[in-house]
Amino acid sequence: MSENEIAGTAHQESYLDYRGKYKGILSWILSTDHKRIGILYMVSLFSFFLVGMCLGLAMRFELVSPGRTIMSPQTYNSIFTLHGVIMIFLFIIPGIPAALGNFFLPLQIGAKDVAFPRLNLLSWYLYMAGALLAVLSLFTGGGPPDTGWTFYAPYSIETGTNVPLAVFAAFVIGFSSILTGLNFVTTMHRLRAPGMGWMRMPLFPWSLYATGWVQILATPVIGITLLLVIIERFFGIGVFDPAKGGDPILYQHLFWIYSHPAVYVMILPAMGVVSEIIPTFARRTIFGYKAIAFSSVAIASVGSLVWAHHMFTSGMSDFARVVFSLLTFIVAVPSGIKVFNWVATFYKGSVKTDAPLLYILAFIFLFSIGGFTGLMNSALALNLHIHDTYFIVAHFHYVMFGGTAFAFFGGLHYWLPKMSGKMYDERKAKIAWLFVFTGFNLLYFPMFIIGYLGMPRRYYDYPPKFHNLNLTSTIGSWILATGLILMFTNLILSLYRGQKAGSNPWGGTTLEWHTPSPPPLENFDEIPHVTGGPYKRTKE
Amino acid sequence: MQESSGHAMEKHVDYTGSKIGMWLFLFTELILFGGMFLLYSVYRYKHPQEFHAGAVELDVVLGAFNTVILLTSSMTMALSILALRKGNKKLSLILQLATIGLGLLFLVNKYFEWGAKIHHGLYPGSEQILQRGKGEILFFGLYYTMTGLHGLHVLIGLAVIGFTVYMTQRERITAEDFVILENTGLYWHLVDIIWIYLFPLFYLIT
Chain A
1 MSENEIAGTA HQESYLDYRG KYKGILSWIL STDHKRIGIL YMVSLFSFFL
51 VGMCLGLAMR FELVSPGRTI MSPQTYNSIF TLHGVIMIFL FIIPGIPAAL
101 GNFFLPLQIG AKDVAFPRLN LLSWYLYMAG ALLAVLSLFT GGGPPDTGWT
151 FYAPYSIETG TNVPLAVFAA FVIGFSSILT GLNFVTTMHR LRAPGMGWMR
201 MPLFPWSLYA TGWVQILATP VIGITLLLVI IERFFGIGVF DPAKGGDPIL
251 YQHLFWIYSH PAVYVMILPA MGVVSEIIPT FARRTIFGYK AIAFSSVAIA
301 SVGSLVWAHH MFTSGMSDFA RVVFSLLTFI VAVPSGIKVF NWVATFYKGS
351 VKTDAPLLYI LAFIFLFSIG GFTGLMNSAL ALNLHIHDTY FIVAHFHYVM
401 FGGTAFAFFG GLHYWLPKMS GKMYDERKAK IAWLFVFTGF NLLYFPMFII
451 GYLGMPRRYY DYPPKFHNLN LTSTIGSWIL ATGLILMFTN LILSLYRGQK
501 AGSNPWGGTT LEWHTPSPPP LENFDEIPHV TGGPYKRTKE
Chain B
1 MQESSGHAME KHVDYTGSKI GMWLFLFTEL ILFGGMFLLY SVYRYKHPQE
51 FHAGAVELDV VLGAFNTVIL LTSSMTMALS ILALRKGNKK LSLILQLATI
101 GLGLLFLVNK YFEWGAKIHH GLYPGSEQIL QRGKGEILFF GLYYTMTGLH
151 GLHVLIGLAV IGFTVYMTQR ERITAEDFVI LENTGLYWHL VDIIWIYLFP
201 LFYLIT
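Going down the list, the sequences are from chains A and B. Position 110 of the first sequence, counting from 1, maps to 110 under our numbering, and the rest follow consecutively. Position 159 of the second sequence, counting from 1, maps to 159 under our numbering, and the rest follow consecutively.
Since the hints were derived computationally from the structure, they do not count as laboratory data. Possibly wrong hints are sitting among the right ones.
Using C-beta positions, here's what the derived DEER-type ranges look like [claimed, not checked]:
#: 1; chain 1: A; residue 1: Ala332; chain 2: B; residue 2: Gly101; range: 40 to 50 Å
#: 2; chain 1: B; residue 1: Leu30; chain 2: A; residue 2: Thr313; range: 27 to 37 Å
#: 3; chain 1: B; residue 1: Lys19; chain 2: A; residue 2: Trp28; range: 30 to 40 Å
#: 4; chain 1: B; residue 1: Leu62; chain 2: A; residue 2: Ser317; range: 51 to 61 Å
#: 5; chain 1: A; residue 1: Lys21; chain 2: B; residue 2: Lys19; range: 27 to 37 Å
#: 6; chain 1: A; residue 1: Gly141; chain 2: B; residue 2: Leu107; range: 25 to 35 Å
#: 7; chain 1: A; residue 1: Lys21; chain 2: B; residue 2: Leu62; range: 51 to 61 Å
#: 8; chain 1: A; residue 1: Gly533; chain 2: B; residue 2: Gly162; range: 30 to 40 Å
#: 9; chain 1: B; residue 1: Ala53; chain 2: A; residue 2: Pro463; range: 48 to 58 Å
#: 10; chain 1: A; residue 1: Gly315; chain 2: B; residue 2: Met167; range: 26 to 36 Å
No experiment lies behind these values; they were computed from the predicted model shown. Ideal placement from N, C-alpha and C gives every residue a C-beta, glycine not left out.
Sequences are here, hints too, so could you generate the full structure?
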């Protein structure tokens, strides 16, 4: 299927021009079209992201110098809790699957929609309901929760702040995540276009497939754990209350049985985005398709067995610690396989460094730093030294922000022209990228050092010897924020001023590039028949 | 699954797809309860004697009666699907209503069982229970949580079956398109299966 073939035929009207039963905002919030739902998610996700970003900026500003700068310690505790809850539950867990996945999974596998379109809309409503509850928890009851996003017992069952509502919010959002995963897995089993065997499915869907299973199998564990915290608070059943014989460490186990796999819910789809963008911009078939596809599944399965590495200092037998440490080292192997395959794809490619690829190259660099420091964390002896210090904060921001969010931004630049039909300004995008990349490293790299030197995380104050590094970090946060604002402005402006993008602006090979931009209501004028691998290039 | 994927896309109803979705959902339910079974096993391992003492106080007869009720309701549920597929809408409706009746009976029994316990001052946080050993506090804490959450599932199941009764009556569920009823049946069996584990773990370990 070449582009000319599409250009010759009359198209169905695009999903943006389609006039359904409803008008205005209702045509969005009542639509079961996966593309509109994807955009609903995207707008909500980035709104929360900006809120989380402002909270982060406030935290960094408080830490610009030792002692009190702008807020009280209690406010600081609430702000880091909120920053964590918003960024994790409202942005990065739903993140790529809910926004880009919803929009592009059906397009990439040549389907008209997901398997359960109405359920899909319901998950967005659950997500928004959860978000609303989280906001409500700030202004009702005993004020904003101050437990950290982990809600560790016994503090979470004792504190006077509004933990139950915040926990319930996380529960509802978890339910939304389960439904999305269930929907995607079923979609991939049932709705692949004729001729698209599993081994012809693009790698982004593959990563969503692995993610979907993790969402289905891990999320219920946090569901019940959070529910038990609520029941514990209201009825005092005692399961996490040491005074009644309960064991708070069991809470930690249950919490991390979900929340560690959740880390892979965050990173796997990002790896999928990377695997899409690299072959397009290297003008090459992906190197090691099967290795990348199966390493997603391997990460998802081994990743489910490593949760207790969050608890090396919590009280566990040495034997258990050694086992969990070993498993954690093993889970790095499939991630390494992916990185090698991505880099190998560039070999003899004709590389075009547009903004999407810049974000992806930044991803590989930052994710590697995050990954290697992760290995340092999983070494038992070193873990005792850096546990609960800024080293950990730096590590997971390199993986989550430098990894997932950078891939998200890359994917956004890559796919927005398909979603809107308009091209963004490339030069401004590159400048924004430079700010984001520089600011990011300036913000988070010093944290490795202050953490290693012994500054604990979540502390409101610090001794003067950490001042310079903290100052650098805060300055980095300003540069990063500037870059992000530039990036978002540029992307939003493209919707109004952008030039027409055409059906295939990047020369991509997967199915979404074989339909007009923006895509018609039912995605394809004719259901495509797939005859080869997703990244196969024909001579042009 | 691969060969039929082309068909699934053309039709707007996909029987196999709906079943896959339902099974995936059932996995999540199993794991939700799995978290509590994990807590149960840890605490029972820590306090075997006190769990034993707690179980003595539960009413085995009432528990056994409820087990029989739920098992029978699973049977009526399964038969209602069979009846509908054979084209007997009326019988299917009767069997669905019978399932609802049995489910309600289960909840009524549960109400009396809990009521008696609470009447004796045995409930989480009560003065009486806090005087007992930690193992017993945990036993009753888990008893109320797990049977309570199970009861909630029974209630949800009843609401859903109420919905299928309406749908069958309006012929939105028919002998040709019965996947909603079948999925409801799967859910109801899950509720049943969870009870089959709860019953021995709480009542029969004396």
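How the hints compare with the structure:
1. Ala332(A) to Gly101(B): 40 to 50 Å: Violated, since Ala332(A) and Gly101(B) (Cβ atoms, about 57 Å apart) do not stay within the stated range.
2. Leu30(B) to Thr313(A): 27 to 37 Å: Holds, since Leu30(B) and Thr313(A) (Cβ atoms, about 32 Å apart) stay within the stated range.
3. Lys19(B) to Trp28(A): 30 to 40 Å: Check passed, 31 Å falls within 30 to 40 Å.
4. Leu62(B) to Ser317(A): 51 to 61 Å: This hint is violated: roughly 41 Å between Cβ atoms.
5. Lys21(A) to Lys19(B): 27 to 37 Å: The hint (27 to 37 Å, Cβ to Cβ) holds, given that Lys21(A) and Lys19(B) are roughly 30 Å apart.
6. Gly141(A) to Leu107(B): 25 to 35 Å: Between Gly141(A) and Leu107(B), where Cβ atoms are some 31 Å apart, the hint holds.
7. Lys21(A) to Leu62(B): 51 to 61 Å: holds (52 Å)
8. Gly533(A) to Gly162(B): 30 to 40 Å: violated (50 Å)
9. Ala53(B) to Pro463(A): 48 to 58 Å: At roughly 54 Å between Cβ atoms, Pro463(A) and Ala53(B) fall inside 48 to 58 Å, so the hint holds.
10. Gly315(A) to Met167(B): 26 to 36 Å: Between Gly315(A) and Met167(B), where Cβ atoms are some 53 Å apart, the hint is violated.
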